[in-house]
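Asks: Sequences listed follow chains W and Y, in order. If you count the first sequence from 1, position 115 lands on 114 in numbering that gives the first Met the number 0, and the numbers rise without skipping. If you count the second sequence from 1, position 371 lands on 370 in numbering that gives the first Met the number 0, and the numbers rise without skipping.
Since the hints were derived computationally from the structure, they do not count as laboratory data. Do not take every clue at face value.
Stated by the list, open to error - With a straight-line cut-off of 20 Å between C-alpha atoms, the simulated EDC-like cross-links for lysine to aspartate or glutamate are: (1) W:4 <-> Y:329; (2) W:5 <-> Y:126; (3) W:17 <-> Y:126; (4) Y:150 <-> Y:126.
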Amino acid sequence: MVNGKKLYVSSSPHTRSKSTTSGIMLDVVIALVPSLIASVVIFGLRALLVEAVSVTCCVLFEYFFRKYILKKHNTIGDFSAAVTGLILAFNLPSGIPLWMVVIGAFFAIVIVKQCFGGIGQNFVNPAIAARIFMLLSFGKMMEWAQPMGKFLNITGVDAISGATPLSASSDELPSLLNMFFGVRGGSMGETCIAALLLGGIYLVLRGVISPAIPLSYSGTVAVIMLIAGKGDFNFVLYQLMSGGLVLGAIFMATDYTTSPIRLKGKVIFGIGCGLFTCLIRLFGNLPEGVSYSIILMNILTPLIERITTPKPFGTIKEKKVKEAAK
Amino acid sequence: MKVPKGVLTAVKKVRGGVKVDHSKGTAEQDVVRMPVPAKVVIPMQQHIGAPCEPVVKVGDEVGVGQLIGDSDKYVSAPIYATISGKVSAVGDIKMPTGNMAKAVTIESDGEMRLSDDVKPPVVNNREDLIKAVRKSGLVGLGGAGFPTHVKLNFDQTKGIDTLVVNAAECEPYITVDYRECIENSWDILGGVYTLKEMLGFKNVVIAVEDNKPEVFKVLKSIADSSEDKYNEVNLMTLESKYPQGAEKMMVQSATGRQVPPGKLPADVGCVVMNVGSVAFISRYLKTGKPLVSRSLTVAGSAITNPMNVRVPIGTNIGEIIDFCGGFKTEPKKILTGGPMMGIALVGTDFPVLKQNNAILAFDENDAILKKETDCIRCGRCANACPMSLTPTDIVRATKAKDVDTLNRIGIMVCMECGSCSYSCPAGKPLVQHMRLAKALVREESKK
Chain W
0 MVNGKKLYVS SSPHTRSKST TSGIMLDVVI ALVPSLIASV VIFGLRALLV
50 EAVSVTCCVL FEYFFRKYIL KKHNTIGDFS AAVTGLILAF NLPSGIPLWM
100 VVIGAFFAIV IVKQCFGGIG QNFVNPAIAA RIFMLLSFGK MMEWAQPMGK
150 FLNITGVDAI SGATPLSASS DELPSLLNMF FGVRGGSMGE TCIAALLLGG
200 IYLVLRGVIS PAIPLSYSGT VAVIMLIAGK GDFNFVLYQL MSGGLVLGAI
250 FMATDYTTSP IRLKGKVIFG IGCGLFTCLI RLFGNLPEGV SYSIILMNIL
300 TPLIERITTP KPFGTIKEKK VKEAAK
Chain Y
0 MKVPKGVLTA VKKVRGGVKV DHSKGTAEQD VVRMPVPAKV VIPMQQHIGA
50 PCEPVVKVGD EVGVGQLIGD SDKYVSAPIY ATISGKVSAV GDIKMPTGNM
100 AKAVTIESDG EMRLSDDVKP PVVNNREDLI KAVRKSGLVG LGGAGFPTHV
150 KLNFDQTKGI DTLVVNAAEC EPYITVDYRE CIENSWDILG GVYTLKEMLG
200 FKNVVIAVED NKPEVFKVLK SIADSSEDKY NEVNLMTLES KYPQGAEKMM
250 VQSATGRQVP PGKLPADVGC VVMNVGSVAF ISRYLKTGKP LVSRSLTVAG
300 SAITNPMNVR VPIGTNIGEI IDFCGGFKTE PKKILTGGPM MGIALVGTDF
350 PVLKQNNAIL AFDENDAILK KETDCIRCGR CANACPMSLT PTDIVRATKA
400 KDVDTLNRIG IMVCMECGSC SYSCPAGKPL VQHMRLAKAL VREESKK
C-alpha cells in the first residue's frame with residue numbers, strides 16, 4: 000500500500016519482452032501478403048474470392064465452435080485462424096467451388112485444431128491436414144487453373160485446367176523465369192517463388208522463424224534431386240520451385256506447434272521432410288509430396304523432441320560417467 | 000566491441016539468455032550519501048542461513064558498528080548497529096517476502112558516533128582473513144545474501160584455483176556495481192590482491208559485460224597492475240546479455256566448467272564474488288568498519304529523480320524514495336532488486352537489507368504485464384533457458400503433479416533467472432510454474 004492505494008505484487012520477472020502471439024501471427028500475415036498479391040495477379044480476382052472465403056470461414060468456425068460448443072474464451076484475436084485460412088487458400092486451385100473451401104476450413108479449424116485443444120495443441124498442421132483431406136475427397140482439387148486466364152472471371156467455371164510442372168512432360172515445361180515468378184499452373188499461393196521468398200526473408204529478419212527448417216528441407220531436396228537427376232542443375236531448380244515446396248518449407252513446415260523447438264530438431268525435421276518429399280516424387284504415385292512429407296514429420300515431432308532435448312546444465316553425460324568409473 | 004589484447008573472452012559461452020533493455024540511466028550519477036534517518040529497523044535475518052539473535056535490549060545506547068545480533072550457527076552473518084543512538088524496540092516485523100523476522104529498532108541521536116569496537120582487524124593468514132570476513136558481517140552484495148566467510152572457507156584439498164570477480168551487473172536498471180568500479184577502484188584492486196594472496200588463487204578472472212566501456216578501462220588497469228607479478232589476474236569481457244552475471248554462468252564463462260546440479264562453484268574449483276563484496280573486504284581490512292551501509296540504485300518510471308544513494312542498512316524504503324524526490328506518478332509496483340529477479344513489495348514500509356541492490360518503482364504502464372494467452376509452442380522459453388531446460392515440459396509435469404518427470408528433466412537446476420517468462424510471447428508466468436514445481440519436488444522428497 001502506498002498512499003492508501005494497492006500495489007501489484009507478482010512473481011518475478013517483472014518485465015516482459017514485447018513479442019506477443021498476435022504480433023507473431025500478424026507478422027506471418029504480413030509475410031503472406033506478397034504471395035496474396037501475386038496470386039491475384041496470376042490467377043485473377045477469383046483467387047482473392049477463394050482466399051477471402053477461406054479466411055472468413057476459418058475465423059468464423061473458430062469463433063462459433065469455441066463459443067457455443069467448447070464454451071471457451073475467444074481466440075480469434077490471436078490471428079492464428081486467419082493465418083490458417085490464408086495458408087489453406089494458398090494450397091487450393093483458384094477454380095475450386097466455394098463450398099469445398101468451406102468444408103476445408105471446417106476440417107482445418109474444427110477437426111484438426113479445436114478438437115485437439117486449439118492453438119498450440121494440434122499435432123498436425125491444420126492447413127496441410129485440410130489440404131490432404133480435400134485432395135483425397137475432391138477430384139476438383141486436381142484441376143489446376145492456368146495463369147492469366149481471365150482476370151475478372153470470378154465464377155471459376157471457365158478456368159482452364161491443366162497440368163502442373165510436376166506432371167507435365169518436358170516439352171510443356173514453363174521456363175525457369177516463369178517458374179520463379181509463378182506464371183504457371185498450380186495452387187494459388189505456391190507458384191510465385193519470388194513472393195514466397197520475400198515473405199520468408201521477412202519472417203527470418205523479424206525473428207519469427209528460424210531459417211533452419213526451410214534451408215535443411217530445400218537443401219535435402221536439392222542434394223537428392225541432384226543425384227537423381229545425374230547432376231542436372233535445371234532439374235534440381237525445377238524440383239525446388241515446383242509443387243508447393245517453397246510454400247511448404249517456409250510457411251507450413253515452420254509452424255511452431257507441429258515442428259521441433261530446438262535447432263538440432265529443426266534440422267532433423269527439415270531433412271526428414273526433404274527425404275519424404277523426394278521419395279514420393281521419385282518413386283510414389285501421388286501428385287505431389289510436400290503435404291504428405293510435412294504431415295509425416297509433424298507426427299514424428301514428439302519423437303524428434305525426445306532425442307534432441309539437451310541434458311540440464313551441469314549434468315554429466317552417461318558415457319562420461321562410465322569413463323570416469325573406469 | 001573489439002576485444003583488446005590480453006583481455007579474455009568466455010571460454011565457453013552461455014547458451015540462451017535474453018537481450019533485455021539495460022535502462023541503466025543512473026550509471027553516470029555519483030553515489031549520493033543520504034542524510035542520517037531518524038530511525039532504522041534492522042532485521043536479524045539478512046542472509047541465507049540461520050537468523051541472528053539480538054544481543055542488545057531496549058534502552059541500550061549503541062554506536063555505529065556495534066554488534067547487535069549474532070548467531071552461533073556456522074552459516075550466518077553477524078549484524079551491526081548502522082547508526083548511533085538508542086535501541087527503542089526489539090521485536091518481530093514483517094519482511095518483504097512476507098515472513099516474520101526479529102528486528103532491532105534504533106532511534107538516531109544524529110551523531111553517527113563510531114562504536115569503540117570498530118578496530119581494523121589484524122590479518123596475517125588465511126584463517127585470520129576468514130575470521131575477519133565473518134566478523135565484518137559481509138554477505139554476497141550481488142543480491143543472494145550468502146555469508147561470504149562460508150564461501151571463502153572452502154576445503155583447500157579440493158583444488159580451488161579460480162576466483163571470479165563478478166562485475167557483469169546484467170540486471171536492468173541497477174548501477175551500484177558500476178559506480179563501485181568507477182568510484183572505489185582502489186578498494187577493488189586491494190581486495191582482489193588480498194584475496195588472491197591470502198587464499199592462494201592461481202587464477203583471478205574479473206568479468207564485465209561489454210556494454211560498460213568505462214568500467215572496462217578501470218578493471219583493465221587493475222588486471223594490469225604491477226602487483227600482478229605472474230599475470231594471474233585477467234579481465235574477461237562478456238557479451239551483454241541476461242543472465243550473464245549469474246554465478247554458474249560466471250564459472251562457465253571463466254573456466255568452461257559446469258557446476259553440476261545441486262553443487263556449488265567450489266565443487267568445480269571456483270569462487271565467485273561480487274565486485275562490491277571484494278571492495279568491501281578491502282575497506283574493512285583498512286578501517287574495521289563492518290557492513291553498516293550500502294549503495295542502492297533507486298530508479299523506475301515512477302521515481303522523480305532516479306539516482307544511486309548510500310544509506311544505512313535498515314533505512315525505511317519509503318524514506319529513501321522520498322529522498323529521491325518521491326513518486327512522479329502513482330506507483331503501481333515497487334521492487335527490491337532488479338526487474339528480472341527482484342521481489343515485489345506490498346508497500347514501502349520495509350527496511351533496506353544488506354543484500355538489496357536496488358529499489359525500483361514503476362507506473363501503471365510498466366507494472367501491468369502482457370495478458371496471458373495460450374502457449375503456441377514457439378520454443379522461445381527453451382531456447383532462452385541458460386540451464387538447457389524445457390519450461391513447457393515442466394509446466395505440463397507440474398500441472399500433472401508428476402514429480403518423477405520433474406526430477407528427470409532437471410527442474411532443480413532452474414535458478415529462476417526469468418529468461419523464459421521474459422521471452423514468452425504468450426505472457427506465461429513460467430518462473431512461477433518453476434517455483435511451484437520445485438516446491439512440489441521438495442515436498443515429495445520430505446515424504
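Asks: Check the hint pairing residue 4 of chain W with residue 329 of chain Y against an upper bound of 20 Å on the C-alpha distance.
Replies: Judged against 20 Å, a Cα distance of about 9 Å means the pair holds.
Asks: Would the pair residue 5 of chain W and residue 126 of chain Y pass a check requiring their Cα atoms to be no farther apart than 20 Å?
Replies: 50 Å, violated
Asks: Would the hint linking residue 150 of chain Y and residue 126 of chain Y be met if the CA-CA limit is 20 Å?
Replies: The hint holds at about 13 Å.
Asks: Take the C-alpha atoms of residue 17 of chain W and residue 126 of chain Y, compute the straight-line distance between them, and say whether it is at most 20 Å.
Replies: 51 Å, violated
Violated hints, in rising order: 2, 3; the structure is consistent with all others.
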